[in-house]
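Protein chains in written order, with the working numbering: chain G, 1 to 254; chain U, 1 to 254.
Just so you know, not all the hints are guaranteed correct.
[To be verified] Chain G side only, calculated, beta carbon under 8 Å to chain U, not exhaustive:
(1) 69
(2) 74
(3) 84
(4) 86
(5) 87
(6) 103
(7) 148
(8) 153
(9) 174
(10) 232
(11) 248
[Claimed, not checked] Per label pair, the in silico range of CB-to-CB distance:
(12) G:29 to U:155: 11 to 21 Å
(13) U:13 to G:166: 50 to 60 Å
(14) U:56 to G:143: 25 to 35 Å
(15) G:125 to U:19: 55 to 65 Å
(16) G:235 to U:22: 20 to 30 Å
(17) U:174 to G:29: 37 to 47 Å
[Claimed, not checked] Which stretches of chain G does chain U cover? Using the computed rule of at least three CB atoms under 8 Å from a CB of chain U, they are:
(18) 43-50
(19) 218-225
Since the hints were derived computationally from the structure, they do not count as laboratory data.
All C-beta atoms, glycine included, are put in the ideal place defined by N, C-alpha and C.
2 protein chains.
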Amino acid sequence: MEVFYSPQIENGICVLPEDESVHCVRVLRHREGDEIYVIDGLGTLYTCRLTDASPKAARAQVLREEPDWGAHPYFLEMAVCPTKNLDRYEWFAEKATELGLDVISPVIGDHSERKVFKSDRLRRLLVSASKQSLKGAVPTVQEPRTVREFIASAPKDALKLICCCFEGETPRTSINDALEMAGQAGHDATSVIPDGIGELQRIIILIGPEGDFSREEAALAVAGGFVPVHLGPSRLRTETAALTAVEAVYLKCI
Amino acid sequence: MEVFYSPQIENGICVLPEDESVHCVRVLRHREGDEIYVIDGLGTLYTCRLTDASPKAARAQVLREEPDWGAHPYFLEMAVCPTKNLDRYEWFAEKATELGLDVISPVIGDHSERKVFKSDRLRRLLVSASKQSLKGAVPTVQEPRTVREFIASAPKDALKLICCCFEGETPRTSINDALEMAGQAGHDATSVIPDGIGELQRIIILIGPEGDFSREEAALAVAGGFVPVHLGPSRLRTETAALTAVEAVYLKCI
Numbered sequence: 001m002e003v004f005y006s007p008q009i010e011n012g013i014c015v016l017p018e019d020e021s022v023h024c025v026r027v028l029r030h031r032e033g034d035e036i037y038v039i040d041g042l043g044t045l046y047t048c049r050l051t052d053a054s055p056k057a058a059r060a061q062v063l064r065e066e067p068d069w070g071a072h073p074y075f076l077e078m079a080v081c082p083t084k085n086l087d088r089y090e091w092f093a094e095k096a097t098e099l100g101l102d103v104i105s106p107v108i109g110d111h112s113e114r115k116v117f118k119s120d121r122l123r124r125l126l127v128s129a130s131k132q133s134l135k136g137a138v139p140t141v142q143e144p145r146t147v148r149e150f151i152a153s154a155p156k157d158a159l160k161l162i163c164c165c166f167e168g169e170t171p172r173t174s175i176n177d178a179l180e181m182a183g184q185a186g187h188d189a190t191s192v193i194p195d196g197i198g199e200l201q202r203i204i205i206l207i208g209p210e211g212d213f214s215r216e217e218a219a220l221a222v223a224g225g226f227v228p229v230h231l232g233p234s235r236l237r238t239e240t241a242a243l244t245a246v247e248a249v250y251l252k253c254i
Numbered sequence: 001m002e003v004f005y006s007p008q009i010e011n012g013i014c015v016l017p018e019d020e021s022v023h024c025v026r027v028l029r030h031r032e033g034d035e036i037y038v039i040d041g042l043g044t045l046y047t048c049r050l051t052d053a054s055p056k057a058a059r060a061q062v063l064r065e066e067p068d069w070g071a072h073p074y075f076l077e078m079a080v081c082p083t084k085n086l087d088r089y090e091w092f093a094e095k096a097t098e099l100g101l102d103v104i105s106p107v108i109g110d111h112s113e114r115k116v117f118k119s120d121r122l123r124r125l126l127v128s129a130s131k132q133s134l135k136g137a138v139p140t141v142q143e144p145r146t147v148r149e150f151i152a153s154a155p156k157d158a159l160k161l162i163c164c165c166f167e168g169e170t171p172r173t174s175i176n177d178a179l180e181m182a183g184q185a186g187h188d189a190t191s192v193i194p195d196g197i198g199e200l201q202r203i204i205i206l207i208g209p210e211g212d213f214s215r216e217e218a219a220l221a222v223a224g225g226f227v228p229v230h231l232g233p234s235r236l237r238t239e240t241a242a243l244t245a246v247e248a249v250y251l252k253c254i
């Protein structure tokens, strides 16, 4: 199933951006009258009929809409420090999109070697990953902030976890136990997600850089309501730790 | 912590292969008298003192041994069809090694586009991945077989799961439920693992190619004692499915 992406769907008419138009018309040789599938990146799949096979701005008429297409039953924000090798970060983002997540927040820690991150490239990559994995919603990529800023601005009513490799003053629980306890306690970490998915648990997970969080960052996080968790005994690279956290949430729901 | 690999440790003397010797002596500039760490790939970490800083075959005297270094409390064999793009298979193998697994069996399915697989390249990669993730045991890579051969020769006394994307005559359970039920039922899927790890659950998980298993392969697997499982609602690439299965086993034990 080939899926296109358009941020411009209004009044029953969908206009594809130039790169998607070229792919639709030149590469896949779609002609006027063909049915095509288009996601809006916000959660809906549109079945459309191509009315103008222009390789600059192909136009199509919406026939059917399917909201919450490929949606997952949680709201997950991963705040992950960029890796030295950006391929590894992109790999994490692609795999996490396949499984299902909502927001990626690049955060810069005290021990981060990489202090600069370009969100635009990742945004483009996640459009592809969402189309490939048949999901109507493309995860949002935030602009980078410091870990300290991120902690200070994190919402109160979410289940917030911080994965550290060391024991601070508050003992760490396994991520499984933290997710389990939050579920059992009827944790008030709920948030209304638009478009009828209903009340979902909002989960925020913070993953540090190769050199881990500083003691100060971990203490600030705990003071800010983050629960310190571990990901088991294996020494995981940053991107593997981040994906393991997404897997823990995903596997809790299947 | 820098770790070297040697398959030649006997009578308290460790000899490094040429590539490891060059890395030890030329790149990291270790000198006679230095303490170095060496894994044997079978599970043990050796702390050694360098006695001959030869870049062809460095020699070191064993000071201490730590068996089961970085071991995990299960025995997991992943039988995974090679992906069209081999990078993706190698990525899976690297990440699975970080988490912990014991055997990778490349298997060729009826719908596999890639019918040939070179195990040697993967073996070298897994030595690096094991050193990087601080594990004494390097996962074994089997020579490729067909899915049908693999099913026919799979041991009777293991917990065997097959991940298919379609419902066969036997309904699929989630991988979590299958692992849970096997644990509760005191499944006889135990096997004595060498060197004192003791009785561990032996788990075999079969992952199909991009085009999934054929109906015949799935039926053969079920007849051979494989439990059909699913990995949740997301459409996962082969390598993501394989890693998700490893994560499900890993996360059950943390």
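Starting from the hint list further up, note which numbers the structure goes against and sort them upward. 1, 2, 3, 4, 5, 6, 7, 8, 12, 13, 14, 15, 18, 19
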